[in-house]
Amino acid sequence: MPGPYFPSFYPEMTRIDYLIIGFWAVLVIVVASSLYMLKRSLDALLEEVKQTNSVAQQLRDQSKHINEVLQEV
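Numbered by this note's numbering, the letters in the sequence shown go through residues -14 to 58 in order.
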């Protein structure tokens, strides 16, 4: 005997209904995996930008040092 949360139409589901449910499940899995791969790509891109930023900061510091040396000369 089904409980209050199980409607009585489940035994009457057709193959098309199961096919639609299967397609939705596949769609959810594809979207979830795509979002996970996007997150990984964005994390890698962020790490690369951080490295580029640190190199740029080092170059700025070296440029300031060179300018100071040139002003002394």
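Hint data in this document are derived by calculation from the structure and do not stem from the laboratory. Just so you know, even glycine gets a beta-carbon here, dropped at the ideal spot from N, CA and C. Warning: the hint list may mix true and false statements.
Claimed, not checked - In silico SDA-like cross-links for lysine to any residue, where the CA-CA straight-line distance does not exceed 25 Å:
hint: 1; residue 1: Lys24; residue 2: Asp2
hint: 2; residue 1: Lys49; residue 2: Asn38
hint: 3; residue 1: Lys49; residue 2: Leu30
hint: 4; residue 1: Lys24; residue 2: Ala10
hint: 5; residue 1: Lys35; residue 2: Val54
hint: 6; residue 1: Lys35; residue 2: Asp46
To be verified - Label-pair ranges, simulated between beta-carbon atoms:
hint: 7; residue 1: Leu20; residue 2: Val40; range: 24 to 32 Å
hint: 8; residue 1: Ser18; residue 2: Lys49; range: 24 to 32 Å
hint: 9; residue 1: Ala10; residue 2: Gln42; range: 47 to 55 Å
To see whether the hints hold, each was checked on the structure:
{"no.": "1", "hint": "Lys24 x Asp2", "result": "violated (33 Å)"}
{"no.": "2", "hint": "Lys49 x Asn38", "result": "holds (17 Å)"}
{"no.": "3", "hint": "Lys49 x Leu30", "result": "violated (29 Å)"}
{"no.": "4", "hint": "Lys24 x Ala10", "result": "holds (21 Å)"}
{"no.": "5", "hint": "Lys35 x Val54", "result": "violated (29 Å)"}
{"no.": "6", "hint": "Lys35 x Asp46", "result": "holds (17 Å)"}
{"no.": "7", "hint": "Leu20 x Val40: 24 to 32 Å", "result": "holds (31 Å)"}
{"no.": "8", "hint": "Ser18 x Lys49: 24 to 32 Å", "result": "violated (47 Å)"}
{"no.": "9", "hint": "Ala10 x Gln42: 47 to 55 Å", "result": "holds (48 Å)"}
Violation of the numbered hints given earlier is confined to hints 1, 3, 5 and 8; the remaining hints are satisfied by the structure.
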